[in-house]
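There are 2 protein chains.
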Amino acid sequence: MSLASLDTPAALIDVARMTRNIERMQRRLDALGVRFRPHVKTTKCGQVVRAQITAGAQGITVSTLKEAEQFFAMGISDIVYAVGMVPSKLKQALALRRRGCGLKIVADSLYCANAIAAFGREHGETFEVWIEVDVDGHRSGIPPEDDLLIAVGRALADCGMTLGGVLAHAGSSYEYNTHADLVRIAEQERERTVRAAERLRAAGLPCPVVSIGSTPTALSAERLEGVTEVRAGVYVMFDLVMHNVGVCETSDIALSVLTTVIGHQEEKGWAIVDAGWMAMSRDRGTQRQPHDFGYGLVCSEDGEPLGDYVMSSANQEHGIVSRAGATDRDIAARFPIGTRLRILPNHACATGAQHPEYHALNEDGSVETWPRFYGW
Amino acid sequence: MSLASLDTPAALIDVARMTRNIERMQRRLDALGVRFRPHVKTTKCGQVVRAQITAGAQGITVSTLKEAEQFFAMGISDIVYAVGMVPSKLKQALALRRRGCGLKIVADSLYCANAIAAFGREHGETFEVWIEVDVDGHRSGIPPEDDLLIAVGRALADCGMTLGGVLAHAGSSYEYNTHADLVRIAEQERERTVRAAERLRAAGLPCPVVSIGSTPTALSAERLEGVTEVRAGVYVMFDLVMHNVGVCETSDIALSVLTTVIGHQEEKGWAIVDAGWMAMSRDRGTQRQPHDFGYGLVCSEDGEPLGDYVMSSANQEHGIVSRAGATDRDIAARFPIGTRLRILPNHACATGAQHPEYHALNEDGSVETWPRFYGW
Numbered sequence: 001m002s003l004a005s006l007d008t009p010a011a012l013i014d015v016a017r018m019t020r021n022i023e024r025m026q027r028r029l030d031a032l033g034v035r036f037r038p039h040v041k042t043t044k045c046g047q048v049v050r051a052q053i054t055a056g057a058q059g060i061t062v063s064t065l066k067e068a069e070q071f072f073a074m075g076i077s078d079i080v081y082a083v084g085m086v087p088s089k090l091k092q093a094l095a096l097r098r099r100g101c102g103l104k105i106v107a108d109s110l111y112c113a114n115a116i117a118a119f120g121r122e123h124g125e126t127f128e129v130w131i132e133v134d135v136d137g138h139r140s141g142i143p144p145e146d147d148l149l150i151a152v153g154r155a156l157a158d159c160g161m162t163l164g165g166v167l168a169h170a171g172s173s174y175e176y177n178t179h180a181d182l183v184r185i186a187e188q189e190r191e192r193t194v195r196a197a198e199r200l201r202a203a204g205l206p207c208p209v210v211s212i213g214s215t216p217t218a219l220s221a222e223r224l225e226g227v228t229e230v231r232a233g234v235y236v237m238f239d240l241v242m243h244n245v246g247v248c249e250t251s252d253i254a255l256s257v258l259t260t261v262i263g264h265q266e267e268k269g270w271a272i273v274d275a276g277w278m279a280m281s282r283d284r285g286t287q288r289q290p291h292d293f294g295y296g297l298v299c300s301e302d303g304e305p306l307g308d309y310v311m312s313s314a315n316q317e318h319g320i321v322s323r324a325g326a327t328d329r330d331i332a333a334r335f336p337i338g339t340r341l342r343i344l345p346n347h348a349c350a351t352g353a354q355h356p357e358y359h360a361l362n363e364d365g366s367v368e369t370w371p372r373f374y375g376w
Numbered sequence: 001m002s003l004a005s006l007d008t009p010a011a012l013i014d015v016a017r018m019t020r021n022i023e024r025m026q027r028r029l030d031a032l033g034v035r036f037r038p039h040v041k042t043t044k045c046g047q048v049v050r051a052q053i054t055a056g057a058q059g060i061t062v063s064t065l066k067e068a069e070q071f072f073a074m075g076i077s078d079i080v081y082a083v084g085m086v087p088s089k090l091k092q093a094l095a096l097r098r099r100g101c102g103l104k105i106v107a108d109s110l111y112c113a114n115a116i117a118a119f120g121r122e123h124g125e126t127f128e129v130w131i132e133v134d135v136d137g138h139r140s141g142i143p144p145e146d147d148l149l150i151a152v153g154r155a156l157a158d159c160g161m162t163l164g165g166v167l168a169h170a171g172s173s174y175e176y177n178t179h180a181d182l183v184r185i186a187e188q189e190r191e192r193t194v195r196a197a198e199r200l201r202a203a204g205l206p207c208p209v210v211s212i213g214s215t216p217t218a219l220s221a222e223r224l225e226g227v228t229e230v231r232a233g234v235y236v237m238f239d240l241v242m243h244n245v246g247v248c249e250t251s252d253i254a255l256s257v258l259t260t261v262i263g264h265q266e267e268k269g270w271a272i273v274d275a276g277w278m279a280m281s282r283d284r285g286t287q288r289q290p291h292d293f294g295y296g297l298v299c300s301e302d303g304e305p306l307g308d309y310v311m312s313s314a315n316q317e318h319g320i321v322s323r324a325g326a327t328d329r330d331i332a333a334r335f336p337i338g339t340r341l342r343i344l345p346n347h348a349c350a351t352g353a354q355h356p357e358y359h360a361l362n363e364d365g366s367v368e369t370w371p372r373f374y375g376w
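Taken in sequence, the protein lines are chains A and B.
For the first sequence, the UniProt record's numbering assigns the number 1 to the initial residue and increments by one for each residue that follows.
For the second sequence, the UniProt record's numbering assigns the number 1 to the initial residue and increments by one for each residue that follows.
Careful, some of the hints might be misleading.
It does not matter which identical chain is used: a pair holds within one copy or between any two.
Unchecked claim - With a straight-line cut-off of 25 Å between C-alpha atoms, the simulated SDA-like cross-links for lysine to any residue are: (1) K89 - H359; (2) K268 - R340; (3) K268 - A324; (4) K91 - E363; (5) K91 - R27; (6) K66 - T369; (7) K89 - R184; (8) K66 - G375; (9) K268 - E175.
Hint data in this document are derived by calculation from the structure and do not stem from the laboratory.
Model the full structure from these sequences, guided by the hints.
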């Protein structure tokens, strides 16, 4: 298989870029003296995750129990399910633990901590639970100074569960775009999560793991004292949102969608392509950022950006490619019908999810099919 | 299986609502004296399409050749692939025709018409081609008064292809929200497409099929003289975008996502649920409409809307449910952890695409699994 033999639309991975992204993150976290636990929700792809583990990652982070099941079947046992556990999912978590999976689960409420403890005792299972810490008001978690933190820790430990540690995600890091801001948010994520761990320990509770992370903070943190591991996901592919945040160049983006020009509206300066939102996803993550790329940045078939051409609009299986700013009335001559283009995505997690498989493009020009899964 | 036994997140179909939606459209088009060819890209689901055919639909519309292959394997032969054909896809179209599929393809350029004709002659295949007509500047197609229309018709007919008809889609109908506007756009779609057919016939070319359609225009057209068939897709499920356009009530929306409350941020008035954008899609189609529903409208587990609660924000596997307008500091008491909710989606085509299967909820409370496919 080669690039030229692929039908469109197709999700492409530039393997050289992916490898470089993996090595960059691993080297950085090695230098900072912490373990790295990649979030595999970005790709849900065995070949990608194997490359991350081979490069030095220790364990993985998942966003669904299906990911845990699939990657445990692949031989990975050290897994943290980083979404707050609810009682209705405990049976599935128990089944994984019973089969030997070192699954860690997360709680941020007394209700769930008590439910986990009760279910664990009922079934004779010692769940390992990490407490989610809120470091920036972004989403879930318990603020580090909140007494609830200690109460949840006690509810778990007193009932015989393993209090494995604390976990935080500085989701707000996506909203910044200067190095100074990212360094500040990274330090805030570190400091508040370490503080939560220290409070638990001061209360006589164990807290061996201090887990933090997001791609922007992982790539910006200057010190990680007190942290034992970092999690990050999208760094493996990068995307235009990360480009706007300032942690990668467009030449680092390893995921793109290969598409074919199928028509034009010359007066409007439109080339119509056979990748619409079904292939790109509806993610418009760059809409509120300083540089709005529409549904993606247009590159040549071999991956070179073509200036200011973006996918400005998308229907289900139609994309509209146009020049940002000034109408290109020569677009039909520039991109004749049959021209193949690559579109860099706003958000690699969302674009990948639209595709049953990636087409991994090696440096020697060969292409492999790397399946990915979806659903729950 | 019952609603209570389903894990979350899950895509639910209310079968009674779906059946009502199918009957409403079929009755309307029967009364207007035209055939109905549903667009199956909305669900990509055998059970749904079978219900549409059983109710009276004649043939189907597809957005990918994979849909054509899957539904041909299910026994449906009368299929129009409503995306402009490019030379690179002709081999796949030929294979379908050779296996007996009555596949129709679409062209809107001389380049593609010539390529289809050359490929057809080379392989001894008489492709049936419909010419796409642009009725509203929305996307693809040839304006009805453009001489290119006749040139494309001749290129096909003179080279022995079957000129099957003309096809238009008034995609701009989604931008309106009054009945008067929709009636006007529907009449424009009808009039311009019929005009294109008449021009072809006046030039001595055949044009048996006059195919138009979109859900808003199909439900608003007052007359369809000259039209032979209508296409529509999203009507089978409806969604919040169609609600805002004014062609359905929220009580007509047959698709929803079942989710579980997993936590709260009480001071912010947030309930965190286990359906994020992976379950809802990133579609924000109501963002520019008069009523913005965020990522969806919140209903009780049994499908009753709960006032002004919407999914106001979404991460991959986390949704934030909050009250639009005024912070609800009692949200933890209103929706305790473990509460199950249904979220009505902005866009049924996009939300469905995130799920490997639908859970079809029958009126007797039983639930069936209806698989759907994806990819190209």
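Now for the hints, and whether the structure bears them out:
1. Taking the shortest Cα distances, K89 and H359 sit within 25 Å of each other only across copies (18 Å), while inside one copy they are farther apart (33 Å).
2. Taking the closest pair of Cα atoms, K268 and R340 come within 25 Å of each other only inside a single copy of the chain (20 Å); across copies the shortest separation is 47 Å, beyond that limit.
3. In this assembly of identical chains, K268 and A324 lie within 25 Å of each other by CA distance solely inside one copy; the values are 12 Å within and 38 Å between copies.
4. When the C-alpha separation of K91 and E363 is checked against a cutoff of 25 Å, the pair qualifies neither within a copy, at 45 Å, nor between copies, at 29 Å.
5. For a Cα distance limit of 25 Å, the shortest separation of K91 from R27 qualifies neither inside one copy, at 38 Å, nor across copies, at 47 Å.
6. For a Cα distance limit of 25 Å, the shortest separation of K66 from T369 qualifies both inside one copy, at 21 Å, and across copies, at 18 Å.
7. For the homomeric pair K89 and R184, neither the shortest alpha-carbon distance inside one copy (36 Å) nor that between copies (51 Å) is at most 25 Å.
8. For the identical chains of this complex, K66 and G375 are neighbours both inside a copy (8 Å) and across copies (20 Å), given an alpha-carbon limit of 25 Å.
9. In the homo-oligomer, the alpha carbons of K268 and E175 lie at most 25 Å apart only across protomers (19 Å), although the nearest pairing inside one protomer, at 33 Å, exceeds that limit.
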